[in-house]
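Residues 6 to 114 (the numbering used here) make up the sequence shown, in order.
I should point out that these hints are in silico values taken from the structure, not numbers from a laboratory.
Built from N, CA and C at the ideal position, the CB exists for glycine as well.
Where hints are given, some of them may not hold.
[Unchecked claim] Just the calculated beta-carbon pair ranges, DEER-fashion:
{"hint": "1", "residue 1": "Gln-111", "residue 2": "Ser-22", "range": "26 to 32 Å"}
{"hint": "2", "residue 1": "Val-58", "residue 2": "Tyr-94", "range": "36 to 42 Å"}
{"hint": "3", "residue 1": "Asn-30", "residue 2": "Ile-71", "range": "22 to 28 Å"}
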Amino acid sequence: MSLASVALIAACAHPGSDVNRWLTNPVFAWVGTRSYGIYLYQFPVMIFYEMRVTNIAAHPFMNAIIEIAIICIISELSYRYIENPLRRYHYTRTPSAIRNFLVNSQLMV
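Let the sequences and hints guide you as you build the complete structure.
In structure tokens form, the structure reads like this:
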């Protein structure tokens, strides 16, 4: 089993392999960068969508596609307008009082 695992990892890690090209396609990269947003928003979207749509069993496949589209749109907006700006923000400019408060509150926990 361990040799099979090593072979699979080697096949994925080699840049020219078909497995590597398949796993590094743009769709997987997009889902990977937005996976936290997809995870975070999928349950509320499913709950609110199913509350608003009365006869969800009539078209289960279509409703699933609509829910997936809503989840992808919300996670894309979250990634662009919430996650990336927070990631690029320079926290060194945070006033020292707020920084000290955050450090002290973490030390107390």
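Outcome of range test on Cβ distance (Asn-30, Ile-71; 22 to 28 Å): holds (25 Å)
Pairwise beta carbon distance, Val-58 to Tyr-94, judged against the given window 36 to 42 Å: holds (38 Å)
Range first: 26 to 32 Å. Now tell me if the beta carbons of Gln-111 and Ser-22 are that far apart. Taking Cβ atoms as reference, Gln-111 and Ser-22 lie about 44 Å apart, which means the hint is violated.
When the structure is compared with the earlier hints, a violation turns up for hint 1 alone.
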